[in-house]
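Here is how the chains run, residue by residue.
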Amino acid sequence: MSNTESELTVSLWRGAERGRYETYKVPMRENQTVLDVVTWVQRNLDPTLSYRFACRVGMCGSCAMTVNGGPRWTCRTIVAKVVKGGRLEIGPLENLPVIKDLAADMRVFFEKWQQAKGVFSPSKTRHDAIERIKSDSEARIAADLAIECINCAICYAACDSVRWNPDYLGPAQLNRAWTLVNDVRDGKNRERLQAVAAKGGCHSCHSLQSCQEYCPMSLNPTAAIAGLKRRTMRAFIKGEIKA
Amino acid sequence: MNVRLFLWQRLTAAVMVPMIMLHLAVIFYATRHGLTAADILSRTRGSVAWALFYGIFVLAASSHASIGIRNILTEWSPLEDRAAGVSAIGFGLLLGALGLGAVAAVVSP
Amino acid sequence: MSARTARTLDHRRNLLWLAALVHRLSGLGLAIFLPVHFLALGLAINGAARLEGFLRWTDRPMVKLAEGALVFLLAVHLLGGLRLLVIENLPWAGWQKQLAALAVGISVIVTSIFLVRVF
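Each protein sequence line maps, in turn, to chains A, B and C.
In terms of my numbering, the first sequence has 84 at position 84, counting the first letter as 1, and numbering is strictly consecutive.
In terms of my numbering, the second sequence has 22 at position 22, counting the first letter as 1, and numbering is strictly consecutive.
In terms of my numbering, the third sequence has 38 at position 38, counting the first letter as 1, and numbering is strictly consecutive.
Hint data in this document are derived by calculation from the structure and do not stem from the laboratory.
Model, not experiment: these values are computed from the prediction.
All C-beta atoms, glycine included, are put in the ideal place defined by N, C-alpha and C.
You may find that some hints are simply not true.
Covered by chain B, according to a simulated footprint, are these stretches of chain A (three or more residues, beta-carbon under 8 Å) [what the hints assert, rightly or not]:
# : segment
1 : 29-38
2 : 229-236
From the derived model, a few chain B residues whose C-beta atoms are all more than 12 Å from chain A [said to hold, decoys possible]:
#  : residue
3  : 6
4  : 7
5  : 18
6  : 34
7  : 35
8  : 37
9  : 45
10 : 52
11 : 71
12 : 72
13 : 74
14 : 83
15 : 93
16 : 108
One side of the interface only, derived from the structure: several residues of chain A facing chain C at Cβ under 8 Å [as the list claims (entries may be wrong)]:
#  : residue
17 : 13
18 : 70
19 : 94
20 : 121
21 : 158
22 : 207
23 : 209
24 : 210
25 : 214
26 : 216
27 : 218
28 : 222
All chains, please: the whole structure from these sequences, using the hints.
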């Protein structure tokens, strides 16, 4: 039986920042996902392989890895769709430090989230009347379009501005800031606009658009960041934030 | 500073869009009619209009290019932010000086 | 930070990424060209003859081709910049890729017109 019909040749990154790709032969099956392949290697060939997953049904984003050069949720990537000549090359997400093998260190991703003030700051207490949010208001529509981010870091891994500029806060981080800028209940938007106008903020985005091409939730950080550019410009002209 | 640079970059770009159109039209006209240096200079010497047009064009282009170069230096070169900023300013000043010199060369009577 | 893979990163095989790269490289090309351009024009300060000599030198085919390349850089950078202004200031549109391709296409046409006229 020929190689490409019954077997996959799978290269997996082993090691940390320094390491190498090791090659394994994995039986090809119908409707196989890339996560199935990685799991098969760990269970049948090499129990020392480290990788991350949780829900395995495309809800949590934990299984994101670099597959044949692009960041993907491995549980939702059918092998037949990405395999090239019977070969798969799988590595940890780009632009993040490597803990071991296929597991990337997400700490800097979340630290930048805090830096971008991607955290809701209430402006009312339980004693105040509930804020009535109209779901068809322009601000709410904008927030809703961006709100479904599950922090999988695929956009962060795909972004060359992140690669080229270590200070850049990142597409997911700025996307979340945009949802909060559009949230009428939030009380800290001046600080937030100041934070995203700082070094490494929204102005470091060059609209390369890899983020919105790869986002598995079909979000559009490029558009969100464009919104932040407009808002920070306006705030700066009005003197609400300092440059 | 980022907002300021961003604003300035977009502003100079907007100012230059119509100027570039006119500049391209001038180039096409000059090449079409096979104008010699003497022909060109006879039209530009002593002209306040050309002086203003190209003077503003040079200043806008110099600042626009300087900010763009700064981005390239910070992202693609090993220079630190400060060094990149200083280099970019230096480049902008050089462009501005050479450009205004060229405008002067062409419009002074 | 270099990539862990030897192959071209997949996100760089995207037309929109390429459009952004073309925009940056054309800007860089123009920035390098401009000082030379200004210096050449500065020759006029010594009178028409010096400038004329230079202009005759630019009549050579190789120079004309280089000028064509510059016209292309200018057109593509301008149109790419307009595309960026659209992204940043107008509501999002799905036809981004077509817009990027159009920008390059128009630049090629403008350059071709220029080259036809000068050759």
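Verification of the supplied hints:
Judged by the Cβ-Cβ criterion of 8 Å, the segment 29-38 of chain A is not covered by chain B as claimed, because only 0 of its residues qualify and three are needed. With 4 residues having a Cβ less than 8 Å from any Cβ of chain B, the segment 229-236 of chain A passes the three-residue criterion, so the hint holds. Listed as outside the interface, residue 6 of chain B is inconsistent with that label: its C-beta sits roughly 4 Å from the nearest C-beta of chain A, within the 12 Å cut-off. Distance check on residue 7 of chain B: its Cβ comes as close as 6 Å (rounded) to a Cβ of chain A, failing to clear the 12 Å threshold; non-interface status is violated.
With a closest Cβ-Cβ approach of about 22 Å to chain A, residue 18 of chain B is found to remain outside the 12 Å limit, as its non-interface label requires. The claim that residue 34 of chain B is not at the interface with chain A holds, since no C-beta of that chain comes within 12 Å of its own (minimum 41 Å). Distance check for residue 35 of chain B against chain A: the nearest CB is about 39 Å away, which clears 12 Å, and the non-interface claim stands. Against the 12 Å criterion, residue 37 of chain B stays outside the reach of chain A, whose nearest CB is about 40 Å from its own CB.
For residue 45 of chain B, the non-interface assignment is confirmed: its Cβ lies about 41 Å from the closest Cβ of chain A, beyond the 12 Å cut-off. Here residue 52 of chain B stays apart from chain A, with its beta-carbon at least about 27 Å from theirs, past the 12 Å limit. Listed as outside the interface, residue 71 of chain B is inconsistent with that label: its C-beta sits roughly 8 Å from the nearest C-beta of chain A, within the 12 Å cut-off. For residue 72 of chain B, the shortest C-beta to C-beta distance to chain A comes to about 10 Å, within the 12 Å cut-off, and the non-interface label is violated.
With a least CB separation of 7 Å from chain A, residue 74 of chain B falls inside the 12 Å interface cut-off, contrary to its annotation. Here residue 83 of chain B stays apart from chain A, with its beta-carbon at least about 15 Å from theirs, past the 12 Å limit. Interface exclusion of residue 93 of chain B from chain A stands, the closest Cβ pair being 21 Å apart, more than 12 Å. No Cβ of chain A approaches the Cβ of residue 108 of chain B within 12 Å, the least distance being about 38 Å, so the stated non-interface status holds.
The criterion of a C-beta within 8 Å of any C-beta in chain C is met by residue 13 of chain A, whose closest approach is roughly 6 Å, and the hint holds. About 3 Å separates the beta-carbon of residue 70 of chain A from the nearest beta-carbon of chain C, less than 8 Å, and the hint is met. Here the hint on residue 94 of chain A is kept, as its CB sits about 6 Å from the closest CB of chain C, short of 8 Å. For residue 121 of chain A, the shortest C-beta to C-beta distance to chain C is roughly 27 Å, which exceeds 8 Å, and the interface hint is violated.
Because the beta carbon of residue 158 of chain A sits about 4 Å from the nearest beta carbon in chain C, less than 8 Å, this interface hint is met. Here the hint on residue 207 of chain A is kept, as its CB sits about 5 Å from the closest CB of chain C, short of 8 Å. Taken as an interface hint, residue 209 of chain A checks out: its beta carbon lies about 4 Å from the nearest beta carbon of chain C, inside 8 Å. Given the 8 Å rule on beta carbons, the hint for residue 210 of chain A holds: about 4 Å separates it from the nearest Cβ of chain C.
For residue 214 of chain A, the interface hint holds, the least distance from its beta-carbon to any beta-carbon of chain C being 7 Å, beneath 8 Å. Annotation: interface hint on residue 216 of chain A violated; nearest CB of chain C at approximately 14 Å, more than 8 Å. Because the beta carbon of residue 218 of chain A sits about 12 Å from the nearest beta carbon in chain C, more than 8 Å, this interface hint is broken. For residue 222 of chain A, the suggested interface contact is upheld, since its CB lies about 7 Å from the closest CB of chain C, less than 8 Å.
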